[in-house]
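2 protein chains.
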Amino acid sequence: MQYSYLELAQLLISQIQSEQYRVGERLPSVRTLAKMYQLSPSTAVRCYRHLENQGFINAQSKSGMYVADWKLLYSQNYSLQAKAGLYSSSGAIQLPRNKAAMVLTQQPSPKGDAHHNKHRIAPPVYEELMSLQHRMSQLYELTEQPLKWQLHLASADPNWYACKKLAQLLKQALVVHPHLLGQYPNGSGWPELKQALSQWMRSFGLDLSENELLITNGSTEATSLALQAVAQPGDCIAVESPVYFGVLQTIEKLGLKAIEIPCNAGTGLSLEALKYALEHQGSIKAVVAMSSFQNPTGSCMPDSHKKKLLKLIGKHQIMLIEDDVFGDLSHQVERPTPIKVWDKHERVIYIGSCSKSLAPGFRIGWIAGGRYHAAIKSLKLSYSLVSPLLEQVALAEFIKGGDMALHLRQLRQRLASNVGLAVKAVAQYFPYGTKVISPAGGWWLWLELPLSISSLSLLKLAIANSISFTPGMVFTNTGKFNHHLRINYARPWVEIEMALQKLGQLAHQQSTNH
Amino acid sequence: MQYSYLELAQLLISQIQSEQYRVGERLPSVRTLAKMYQLSPSTAVRCYRHLENQGFINAQSKSGMYVADWKLLYSQNYSLQAKAGLYSSSGAIQLPRNKAAMVLTQQPSPKGDAHHNKHRIAPPVYEELMSLQHRMSQLYELTEQPLKWQLHLASADPNWYACKKLAQLLKQALVVHPHLLGQYPNGSGWPELKQALSQWMRSFGLDLSENELLITNGSTEATSLALQAVAQPGDCIAVESPVYFGVLQTIEKLGLKAIEIPCNAGTGLSLEALKYALEHQGSIKAVVAMSSFQNPTGSCMPDSHKKKLLKLIGKHQIMLIEDDVFGDLSHQVERPTPIKVWDKHERVIYIGSCSKSLAPGFRIGWIAGGRYHAAIKSLKLSYSLVSPLLEQVALAEFIKGGDMALHLRQLRQRLASNVGLAVKAVAQYFPYGTKVISPAGGWWLWLELPLSISSLSLLKLAIANSISFTPGMVFTNTGKFNHHLRINYARPWVEIEMALQKLGQLAHQQSTNH
Numbered sequence: 001m002q003y004s005y006l007e008l009a010q011l012l013i014s015q016i017q018s019e020q021y022r023v024g025e026r027l028p029s030v031r032t033l034a035k036m037y038q039l040s041p042s043t044a045v046r047c048y049r050h051l052e053n054q055g056f057i058n059a060q061s062k063s064g065m066y067v068a069d070w071k072l073l074y075s076q077n078y079s080l081q082a083k084a085g086l087y088s089s090s091g092a093i094q095l096p097r098n099k100a101a102m103v104l105t106q107q108p109s110p111k112g113d114a115h116h117n118k119h120r121i122a123p124p125v126y127e128e129l130m131s132l133q134h135r136m137s138q139l140y141e142l143t144e145q146p147l148k149w150q151l152h153l154a155s156a157d158p159n160w161y162a163c164k165k166l167a168q169l170l171k172q173a174l175v176v177h178p179h180l181l182g183q184y185p186n187g188s189g190w191p192e193l194k195q196a197l198s199q200w201m202r203s204f205g206l207d208l209s210e211n212e213l214l215i216t217n218g219s220t221e222a223t224s225l226a227l228q229a230v231a232q233p234g235d236c237i238a239v240e241s242p243v244y245f246g247v248l249q250t251i252e253k254l255g256l257k258a259i260e261i262p263c264n265a266g267t268g269l270s271l272e273a274l275k276y277a278l279e280h281q282g283s284i285k286a287v288v289a290m291s292s293f294q295n296p297t298g299s300c301m302p303d304s305h306k307k308k309l310l311k312l313i314g315k316h317q318i319m320l321i322e323d324d325v326f327g328d329l330s331h332q333v334e335r336p337t338p339i340k341v342w343d344k345h346e347r348v349i350y351i352g353s354c355s356k357s358l359a360p361g362f363r364i365g366w367i368a369g370g371r372y373h374a375a376i377k378s379l380k381l382s383y384s385l386v387s388p389l390l391e392q393v394a395l396a397e398f399i400k401g402g403d404m405a406l407h408l409r410q411l412r413q414r415l416a417s418n419v420g421l422a423v424k425a426v427a428q429y430f431p432y433g434t435k436v437i438s439p440a441g442g443w444w445l446w447l448e449l450p451l452s453i454s455s456l457s458l459l460k461l462a463i464a465n466s467i468s469f470t471p472g473m474v475f476t477n478t479g480k481f482n483h484h485l486r487i488n489y490a491r492p493w494v495e496i497e498m499a500l501q502k503l504g505q506l507a508h509q510q511s512t513n514h
Numbered sequence: 001m002q003y004s005y006l007e008l009a010q011l012l013i014s015q016i017q018s019e020q021y022r023v024g025e026r027l028p029s030v031r032t033l034a035k036m037y038q039l040s041p042s043t044a045v046r047c048y049r050h051l052e053n054q055g056f057i058n059a060q061s062k063s064g065m066y067v068a069d070w071k072l073l074y075s076q077n078y079s080l081q082a083k084a085g086l087y088s089s090s091g092a093i094q095l096p097r098n099k100a101a102m103v104l105t106q107q108p109s110p111k112g113d114a115h116h117n118k119h120r121i122a123p124p125v126y127e128e129l130m131s132l133q134h135r136m137s138q139l140y141e142l143t144e145q146p147l148k149w150q151l152h153l154a155s156a157d158p159n160w161y162a163c164k165k166l167a168q169l170l171k172q173a174l175v176v177h178p179h180l181l182g183q184y185p186n187g188s189g190w191p192e193l194k195q196a197l198s199q200w201m202r203s204f205g206l207d208l209s210e211n212e213l214l215i216t217n218g219s220t221e222a223t224s225l226a227l228q229a230v231a232q233p234g235d236c237i238a239v240e241s242p243v244y245f246g247v248l249q250t251i252e253k254l255g256l257k258a259i260e261i262p263c264n265a266g267t268g269l270s271l272e273a274l275k276y277a278l279e280h281q282g283s284i285k286a287v288v289a290m291s292s293f294q295n296p297t298g299s300c301m302p303d304s305h306k307k308k309l310l311k312l313i314g315k316h317q318i319m320l321i322e323d324d325v326f327g328d329l330s331h332q333v334e335r336p337t338p339i340k341v342w343d344k345h346e347r348v349i350y351i352g353s354c355s356k357s358l359a360p361g362f363r364i365g366w367i368a369g370g371r372y373h374a375a376i377k378s379l380k381l382s383y384s385l386v387s388p389l390l391e392q393v394a395l396a397e398f399i400k401g402g403d404m405a406l407h408l409r410q411l412r413q414r415l416a417s418n419v420g421l422a423v424k425a426v427a428q429y430f431p432y433g434t435k436v437i438s439p440a441g442g443w444w445l446w447l448e449l450p451l452s453i454s455s456l457s458l459l460k461l462a463i464a465n466s467i468s469f470t471p472g473m474v475f476t477n478t479g480k481f482n483h484h485l486r487i488n489y490a491r492p493w494v495e496i497e498m499a500l501q502k503l504g505q506l507a508h509q510q511s512t513n514h
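In order, the protein sequence lines correspond to chains F and S.
Residue numbering for the first sequence follows my numbering, beginning at 1 and increasing consecutively.
Residue numbering for the second sequence follows my numbering, beginning at 1 and increasing consecutively.
For reference, chain F alone in the conformation it holds in the complex:
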């Protein structure tokens, strides 16, 4: 086989990554390389040039090619390491010179490279944030940007999670269950995890037996399964507005129609509006609601509202899909009560997840499907068969061992300590007229800027200044919320304060420009 320059480059990259060539080590000369792989010297030159562009090697004039500090490069291009690195104490990250140039100038590059570059550092296409089809992938691109303050992320600071303890429990699981990896998982979830969850939920009044629970690949799969169980293509689903953009996309992909019901930052979903919609729109099959600490507003429905909502859906004989992924993140001593607690007629499909509160790196959610549970279990077999057990075993031990209670206490304290400061900082740094309501749980701040400031324009400016946030318009299909933005304040306060100060300045600039 004769290699093309790109194939040879790929081979060398894998050798560099497996440290057959170590950082700083000298690579074969062009002549030697060409000989080794029976290529023309010009192909070898092209290959090295490609690797240099990719940041894997450095040319040192006359003395040859050397392996570059490519791990640094990786730490900026791939979100996983990037996120860890971005919040290190060292502050700003140094981009390798050529890489930085690419980010800033987006120069055209040969076709082969374009593919790679696009994958690694494509900036979000701001216009596509408007498109329901593309907004999730564009927000993902945002995460891959080498930004200093990523306030759009959907998790807390990695150091705020019990990574070490979870790693230890994973290792333990592998010892205790030596055949865990050599066997197909089976059934509706690891029985001990379902037991542990059942017991945990009982601590806040939610009485669900093991048999009522199904383990899913996060709350995304749970929501998708619930929607498919309760509705047929063409049906309508009532959602909060603003609402997590993922729900809008899932609804659309399933051929359903989202009916957006206003949700205010204080008491959540407007029951009056929902009542009106239910009376005037016959085909609403379910309401999807995040009743405690809604994404993005942070609102929490008072118990009286929750009970009224339950009555309302009962009266109209539809289902409520209750997404409780933020419920555990109350800033107060008491955790809010899920609506499911009062559900006597199996009309509430309850969804929980460990992705927000416990371990974003696990993809474990759970669902209690009420009267649709059997249908949901059957659907799960068609969509992903089963969920992997390793993480389930570790999570079961984490809960049973009391680590969950301990971890949540710390995380909630951290959030509670940040929220007041964040609200104050917004008041201090943002233009006059900016509105914000202090949430009682979760980690979102939902800001309404003065009408003169577009949050999309602010985002462009912010990204040029190494700050990201989520613009309001992605949380709706209606074209509203153009002056809103969502911010995650679950990071060490010094970082959040710097970011809010900077962002406030940029908002002032925008305001003056208009």
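Treat the hints with care, as some may be off.
Identical chains blur together in the list; that is why a pair holds if it fits in one copy or across any two.
Keeping only pairs whose Cα atoms sit at most 20 Å apart, straight-line, the calculated SDA-like set for lysine to any residue is [what the hints assert, rightly or not]:
1. 400 <-> 163
2. 400 <-> 235
3. 148 <-> 311
4. 253 <-> 285
5. 165 <-> 399
6. 400 <-> 70
7. 307 <-> 273
8. 400 <-> 6
9. 377 <-> 130
10. 424 <-> 254
Honestly, the hints are just simulated from the structure, not real lab data.
Chain S: place on chain F using the hints.
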């Protein structure tokens, strides 16, 4: 809070499982227990009786209650450990007396217990195996049975997988990436895994770049995403017949219609029949085919057939969804070539997975969606967002470190050594007229029994004799294959031989009874 007897039992079970009470340890007396939890002695008695029924404790007359060897109990009731235990060298498993009685007699039990028992040992409802809706869950129930020879399973013997090495790589991943669990995974898969897969596939001629790959939750999710991308509810999908029952269920859940095209145990999908179907059925949008070592027949299409199939789908401008999960398990030196290799027009959606060949406990698959790749990526966001990274990191290292090649060599040798023996054993032990073709890869044996023997009746008899297999009728919606059965021979030969001998005897019995 005052506990009910069931709640108290649950609490004690969790204390026993976390070894606060160890095996053999004496539990508090009824009187003490009642005092500890402020309950009536009769509630404490009910609680202990429940635990005894569940096999967690033993009563020793006059001396009190002691923690039973409950881990043994677990090893029979939960498939995970069960599967490991069942194939231990010790042979038959001793059921605790009360448990065995439950299995055999299925006596009615108090309502509270019924729930638990149902979860743990419900036997399959044979009639429901006929129902597309229920057959998968019924086959799962089969896996949870405490049977000695589970020949229906979809993986090889747990000891035939590189569990130790994978566990070591998982531990390493947790050390190298200390924040892995504290961050949301992002994007279309761990870049190094996609690189490693890309390089691996190149070794058998399949040239797919990282950007052409998306990591999924196993091949089930991949298939579901592919079908949704290429077809709308109401459309038809051509599949092999017999075909893996999961595909039939997924097609049905998506509102699509399966068109079953005959597949023979030798050369696979009948191209003549497919051609006819395409010419007479306008709404076929795609063909799903397992071109190498099909499930259940084990057939492998010759290269000439594969190329003709590619031409045929090109001519009719439809897509081919090629499921290659068994391709790596060739019994010969050469691995068969996937059709995707010859696909110049992006008409083949290629699906791979590590669940069969490398690690059933991981739920990692991959898909190259051809002209539908962007649509598939977008759908994935709606169905499960992202796949967890931990297993991806370990798998990447497994492949890059050369362990995959080594492991596959061993696994393939084991399969190759069993297959000839298995075919011979069928000839020796089964009734005259039983047909079987020796497959060239994978681990399935597709048997056709004489017409006088129904495979469903044989299954009932077999299960009573601690053997399971998959009856032929679950591989179709047409009502065919009532005399067929699928057997997995990927277990140590002594076990397979004993099972085939026993099963052959039972088949003879059936044959004589008619």
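We went through each hint and held it up to the structure:
{"no.": "1", "hint": "400 <-> 163", "result": "within (17 Å within a copy, 26 Å between copies)"}
{"no.": "2", "hint": "400 <-> 235", "result": "neither (41 Å within a copy, 48 Å between copies)"}
{"no.": "3", "hint": "148 <-> 311", "result": "neither (47 Å within a copy, 51 Å between copies)"}
{"no.": "4", "hint": "253 <-> 285", "result": "both (16 Å within a copy, 19 Å between copies)"}
{"no.": "5", "hint": "165 <-> 399", "result": "within (11 Å within a copy, 28 Å between copies)"}
{"no.": "6", "hint": "400 <-> 70", "result": "between (41 Å within a copy, 18 Å between copies)"}
{"no.": "7", "hint": "307 <-> 273", "result": "within (16 Å within a copy, 59 Å between copies)"}
{"no.": "8", "hint": "400 <-> 6", "result": "between (51 Å within a copy, 18 Å between copies)"}
{"no.": "9", "hint": "377 <-> 130", "result": "between (34 Å within a copy, 18 Å between copies)"}
{"no.": "10", "hint": "424 <-> 254", "result": "neither (42 Å within a copy, 50 Å between copies)"}
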